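Undergrad: Sequence:
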Amino acid sequence: MDAREVASYDPAQFADLLAVKPAVHRYPKSMAGRIQQLAAYLVEHYDGSADGVWEDVGDGAELLRRLMALPGFGRQKAQIFVALLGKQVGVRPQGWREAAGPYGEEGVHRSVADVVDAGSLELVRATKQEAKRAAKK
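Numbering (this note's numbering), first residue to last: 2 to 138.
The hints are simulated quantities; they were obtained by calculation from the structure and are not laboratory data. This structure is a prediction, so every number in the text was calculated from the model and none was measured. Don't take each hint at face value.
Here are the in silico distance ranges between beta carbons for each label pair [unchecked claim]:
hint, residue 1, residue 2, range
1, A135, L18, 39 to 47 Å
2, Q89, P23, 35 to 43 Å
3, V90, A70, 16 to 24 Å
Glycine residues also receive a C-beta, built at the ideal position from the N, C-alpha and C atoms.
All chains, full assembly: derive it from the sequences and hints.
TA: Following this line, the structure appears as structure tokens:
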């Protein structure tokens with residue numbers, strides 16, 4: 002299914018599709034609407050191509066701005082996505098690490114951008130748990 006098809010799908014039928022086990026999200030109706038909004042944005046601004054968001058980007062700051070313009074993307078999610086693109090996809094415009102903020106640092110285990118196997122997933126989970134404990138103090 003491409004972005005055009007997702008964007009044009011009947012919202013109720015798309016929500017039903019996302020609810021089929023294994024469900025895409027624990028709240029499939031809410032997530033269906035968000036996915037369709039994102040798909041519609043990609044169709045309108047990038048001819049339906051997600052990689053159009055980063056293909057011709059000039060620098061990391063521009064990449065961050067483009068990601069933050071996506072429906073449902075705030076600064077944190079956009080920074081994590083910049084880090085994911087840089088660390089795992091090889092999309093590394095000048096200044097990408099700075100644009101990614103703390104998620105762009107080398108040798109950290111903060112987010113999905115740092116997950117490459119079961120071991121690194123456990124390290125990310127441990128980092129998040131430690132951050133939650135520290136926030137409670």
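Undergrad: Which of the listed hints are not met by the structure?
TA: 2
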